[in-house]
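Trainee: Protein chains in written order, with UniProt numbering: chain A, 1 to 379; chain B, 1 to 65.
Hints in this document: simulated from the structure, not taken from any laboratory.
Nothing false has been slipped in among the hints.
Per the computed footprint, the stretches of chain B lying under chain A, defined by three or more beta-carbons under 8 Å from a beta-carbon of chain A, are:
1. 4-14
2. 18-26
3. 52-61
Derived contacts from chain A toward chain B, CB cut-off under 7 Å, selection only:
4. R24
5. A47
6. P68
7. F292
8. P366
9. S368
10. I369
11. T370
Every residue gets a Cβ at the ideal spot worked out from N, C-alpha and C, and that includes glycine.
Each chain, written out:
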Amino acid sequence: MTPVPADGRIVIVGGSIAAATAARSLRNRGHAGQVTLISSEDHPPYARPPLSKAVLTGTDVPESAYLPELEGVELLLGVPAVGLDSAARTVALADGREVGYDGLVIATGARARTLPGGGDRVYTLRDLGDAQELGQLMRQGARLLVVGGGPLGMEVASVGRELGTEVTLVSDTPPMEALLGAHLSGLLVEAATAAGVEIIRQPVSELQQDQAGRPVAVLHDGRRVDGDVAFVAIGCQPNVEWLAGSGLAAGPRGLEVDEYLRVAPGIVAAGDVVAFPAESGCRRTPYWQSAFDQAVTAVEVLLGSGDAPHLPRPYFWTEQFGHHVKLVGSVVGDDAPEEVPAAAGTVLRWRNSDGAPVGAAGIDCPLSITKLRKLLASA
Amino acid sequence: MKIEVDYKRCEGHGLCEDQAPDVFELDDEGDLIYQFEGQDVPAEHQTAAARGAAACPVAALRVVQ
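For reference, chain A alone in the conformation it holds in the complex:
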C-alpha cells in the first residue's frame, strides 16, 4: 500500500477506543496532516467497559468514561458516515457533507444484536445513553429479565442484584462457557445463583408483550418468563451498512482485512468492525485489547512506518457476582485447566493437545496481564 503523504489528510470513522487510539497514534508519530474523527455519537470518544459496571450502577458519571482528550484532532460528532467512495476518496455524512481523505481508518465498531417483539421496555446496552436509562430503571427496582448468558448479560445481571432488583436470566448455553470454558462457567453460575439470580437454560423462541405492556420471553418449551424490563445481550453485529456499494469486503461477519489490517488502497480498519484472518476464516474479536492493538498497527501501516503484521494477543476480563476474572489467550476444548500456585486468588492454565500452554486466567487474583502472559511463555 502506498503510504499516506506526511501532510496527507487522514479521516477516522468511529467513536471508541479503536478510533481514539488511531487518532492518538497518528499524533504520536508526528503525522503533520489534518486528522479528522467522525463519530455518530454526540459524546467525544469514550470507553465502553464501564457501561456495564460503574456507569450502570450510577457510581460514576457518564463523563468518567471519556477517553483522554485528543489534541490536534478535528472531531465531527453526532454525524454518522453514510457512504464511502473509495475511488474518489470521500466519506459521505448524514448531513450531506462529503469529507475527502488521503488515508482512511474504518473503526465504526458494532452494535447490539436485538430480538424482535417485546414492546418498548426491551433494552440493549451499547452506548452511554443506554447505560444511563437501564441503570435508572434498575435503581428504581424494575424486575429484570436478561436474555443472554455472555459477559454483558451476566455483568448486568450482577449489577441488578447489587442494586437489589429481581433478576431472571435466560440463556441457551451455560453462561460464560463460550469465552471461559466449562470450569469457570460453573464457578460464575454458582456465584450468580448464590446472589439470587434465577438462571433458566433454554433458548428463547420469541419476545412478546403482556397486557400490562411488560416484556415476556417465550421459551423453547413454551414456558413464559416476564420482567418489568427485558435486557437483551445476545452479541453484537458490525456496523458495515454505510459501506454498501463501496466495493469493500463488508458483510454481516464484519469488514474483512488482511493481516496488516489493510482493506483497500489508502484504507485500513481496526476494532469491533474488523473480521481478522484466522485459521477458520476471517472472524471478529470485539475486545478492548484487540481494538487498541489493531489501531496502533493500522496507523503504522497507513503511514508506512511499520512493517509488522497485527499479532492478536487476546485479553478478556469480566467482573460479576463478586468475582474478577482475567483471561489471556484462550481456554481449549477439553477444559481441564491446571492450577498454578499463586499468592492470592486462583490462577489457572490451559494447554492444547500438544501440551503447549494456550490460556491463563486469574480469578480474584492481582496478577497483571504481563504476568499472566509469562505463564504462557514458560512451562
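Take the given structure of chain A and dock chain B to it, following the hints.
Mentor: Same frame as chain A, now just chain B:
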C-alpha cells in the same frame, strides 16, 4: 507533561505496563507503581507514558499538561 493516577479506579489489568513498562509497573499485589508520581514525565518517556495512559480500560490515568 504529568500523569494523574486515580489509584482507586485502577483494577490492575496492566495495559499501561504492557504499553510503557518503563513508566508503569504492577507489583505482585496488583498495585500500580507509577515511576513519575508528582513529577513531570521526562521527555524521553512522554510518548510511551501517553500511550500507556490511553490504553487504560477504566480511565484511571489522566494526562495533564
